[in-house]
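Enquirer: In the numbering used here, the protein residues as written are 3 to 138.
The hints are simulated quantities; they were obtained by calculation from the structure and are not laboratory data. Careful, some of the hints might be misleading.
Derived DMTMM-like pairs: lysine to aspartate or glutamate, alpha-carbon spacing no greater than 20 Å straight-line [stated by the list, open to error]:
id, residue 1, residue 2
1, LYS25, GLU14
2, LYS15, GLU29
3, LYS7, ASP52
4, LYS15, GLU71
5, LYS45, GLU29
6, LYS45, GLU71
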Amino acid sequence: LPLLKYCGYTYEKMDMLIAPMVKSGSEPLGSMGQDMPLACLSKMPRQPFDYFSQLFAQATNPPIDPIREANVMSLTCPIGPERSLLEPSPDACRRVFLDSPILCPRRYNAIFGLQDDGFPTVVLDMTYGLNESTSK
3 LPLLKYCGYT YEKMDMLIAP MVKSGSEPLG SMGQDMPLAC LSKMPRQPFD
53 YFSQLFAQAT NPPIDPIREA NVMSLTCPIG PERSLLEPSP DACRRVFLDS
103 PILCPRRYNA IFGLQDDGFP TVVLDMTYGL NESTSK
């Protein structure tokens, strides 16, 4: 159980999510809302993906399918500052658009190659050592 805690699993996740999946072989049903506070406001340590959760379309059944629903949704991810629409300028067009939020190694490295074009990049080390209680 200590390794599960290290990976961000709580007793609630084990009891309400993992155990039903192991028993039935399918995902458990949940509520139609998000009653958990935003990760940035939490006093407890949170996993990085908790900061990127979506708070809309929580009750989709079946799950959102970007291939079949391409005309109403998009996985496109803009990178770069979003400028004011009321003050159009050439700088407002300086954004990079990724067709998916998942980066392969080639695209990940390509983003770092954009530093020379005015897109600064930073790598945040969010790993924990086995005996550490805080991030590096």
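Enquirer: What's the verdict on LYS25 and GLU14, does the C-alpha distance respect the 20 Å limit or exceed it?
Expert: holds (16 Å)
Enquirer: Check whether the Cα positions of LYS45 and GLU71 lie no farther apart than 20 Å.
Expert: violated (37 Å)
Enquirer: For the pair supplied as a hint, LYS15 and GLU29, is the alpha-carbon distance within the 20 Å limit?
Expert: holds (12 Å)
Enquirer: Check the hint pairing LYS15 with GLU71 against an upper bound of 20 Å on the C-alpha distance.
Expert: It is violated: about 30 Å lies between the C-alpha atoms, which goes past 20 Å.
Enquirer: For the pair we were handed, LYS45 and GLU29, check the Cα-Cα distance against 20 Å.
Expert: violated (29 Å)
Enquirer: Quickly compare the C-alpha distance for LYS7 and ASP52 to 20 Å and report which way the hint goes.
Expert: holds (15 Å)
Violated hints, in rising order: 4, 5 and 6; the structure is consistent with all others.
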